[in-house]
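Peer 1: The residues making up each chain are set out below.
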Amino acid sequence: MESLINMVLLTLLAATTIAIVGQRSLLGVVILASVYSFLMASVMIVLDAVDVAMTEASVGAAISTVLLLGALHLTKTREEAPRHGRLLPLLLCAAVGAMLVWGTLVLPPFGTPDAVIHQHVVPRYINETVRETGSPNIVTAVLADYRGFDTLGETTVIFIAGIGVMLLLGGLRRRDRAQDSAAEDQR
Amino acid sequence: MEALLALVDHYNFVITIFLMVAGLYVVVARSNMVKKLIGLSIFQTSVYLLYLEPGKIIGGTAPIVDPKFTLYSNPLPHVLILTAIVVGVGTLALGLALVVRIHEAYGTTDDDDIADRNRDE
Chain Y
1 MESLINMVLL TLLAATTIAI VGQRSLLGVV ILASVYSFLM ASVMIVLDAV DVAMTEASVG
61 AAISTVLLLG ALHLTKTREE APRHGRLLPL LLCAAVGAML VWGTLVLPPF GTPDAVIHQH
121 VVPRYINETV RETGSPNIVT AVLADYRGFD TLGETTVIFI AGIGVMLLLG GLRRRDRAQD
181 SAAEDQR
Chain X
1001 MEALLALVDH YNFVITIFLM VAGLYVVVAR SNMVKKLIGL SIFQTSVYLL YLEPGKIIGG
1061 TAPIVDPKFT LYSNPLPHVL ILTAIVVGVG TLALGLALVV RIHEAYGTTD DDDIADRNRD
1121 E
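Listed in order, the protein sequences are those of chains Y and X. Taking this note's numbering, the leading residue of the first sequence gets 1, the next gets one more, and so forth. Taking this note's numbering, the leading residue of the second sequence gets 1001, the next gets one more, and so forth.
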């Protein structure tokens, strides 16, 4: 049953992706990207990744959509027809896809409990988390305790990205104001 | 029949690879920069799937310890992907800020238009 729901949701994801590739109106693309993120969050619920699903629904479907709509408000909403041939990109994608299929052929089937991924450090996390950290949520314990340095790196990246956005767009506002005052001077 | 069963077992990987290739195609073949960024985030989310799908155990439950359950899905990919989602929105915001500045400087968000203009000058 779980794998059936998973397959249906994945098929919907693929359909949404095809629609995104074909859509020329960028506004439509943004809405479809939001739908895509919500479907992705549903897939994550089926995969038992509830924390990730919550983050994807709030960050992927909400914040990303707001950012994209803001950018479209400041730029153009229509995509022009491509001028180059499609043959080269299609060949490249086919080659990459073939390599990926070749690479995943030997991976264990969906949902098997004795796959290699479940043998390494994970039993320790599951068995010792409550005793060692006191948190019943294993994901929180690993995020904030066992792999705390990862989270520090993540916040550093977000901080740097925030500085970058402020530097790039801060100039925009200053120039707008300069243009306004120049226009007023002319009057 | 055997091939069909293999396809069902690896259906998650088939879709993951399809999403990855579709994202790559949008990034390479489309010249509009906003569309390119959306293609990039499709590529990114397909990587989330690549990590999360093998972590699922059929009959398992979300990795929150409770005496009622004994089988939990793998929590490690969840942690890694939580980090990846947040970093992903950071890169998207930075990319969109660059697109807005490029639009201000060139009056277009199309890659080919900008290349043409630079060739003319």
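Calculated directly from the structure, the hints in this document are not laboratory data. Hints should not be assumed to be uniformly reliable.
Here are the simulated lysine to aspartate or glutamate pairs, EDC-like style, with alpha carbons at most 16 angstroms apart [said to hold, decoys possible]:
#1 LYS1036/X / GLU80/Y
#2 LYS1036/X / GLU1121/X
#3 LYS76/Y / GLU1104/X
#4 LYS1036/X / ASP1120/X
#5 LYS1036/X / ASP1112/X
#6 LYS76/Y / ASP1112/X
#7 LYS76/Y / GLU1121/X
#8 LYS1036/X / ASP145/Y
#9 LYS76/Y / ASP1111/X
Peer 1: Determine for every hint whether it applies to the structure shown.
Peer 2: Do the hints match the structure? See the list:
For the proposed pair LYS1036/X and GLU80/Y, the alpha carbon gap of about 13 angstroms is at most 16 angstroms, so the pair holds. This hinted pair does not check out: LYS1036/X and GLU1121/X have alpha carbons roughly 26 angstroms apart, beyond 16 angstroms. Straight-line distance between C-alpha atoms of LYS76/Y and GLU1104/X comes to about 11 angstroms, which keeps the hinted pair within the 16 angstroms bound. A threshold of 16 angstroms between alpha carbons decides the hint, and for LYS1036/X with ASP1120/X the separation of about 24 angstroms lies outside it, so the pair is violated.
With a CA separation close to 13 angstroms, the supplied pair LYS1036/X and ASP1112/X stays within the 16 angstroms bound. Proposed proximity of LYS76/Y and ASP1112/X is supported: the alpha carbons are some 15 angstroms apart, at most 16 angstroms. A distance of roughly 24 angstroms separates the Cα atoms of LYS76/Y and GLU1121/X; the hinted pair therefore is violated under the 16 angstroms criterion. The hinted pair formed by LYS1036/X and ASP145/Y fails the criterion: a straight-line CA distance of about 36 angstroms is larger than 16 angstroms.
The suggested pairing of LYS76/Y with ASP1111/X holds, with an alpha-carbon distance near 13 angstroms, which does not exceed 16 angstroms.
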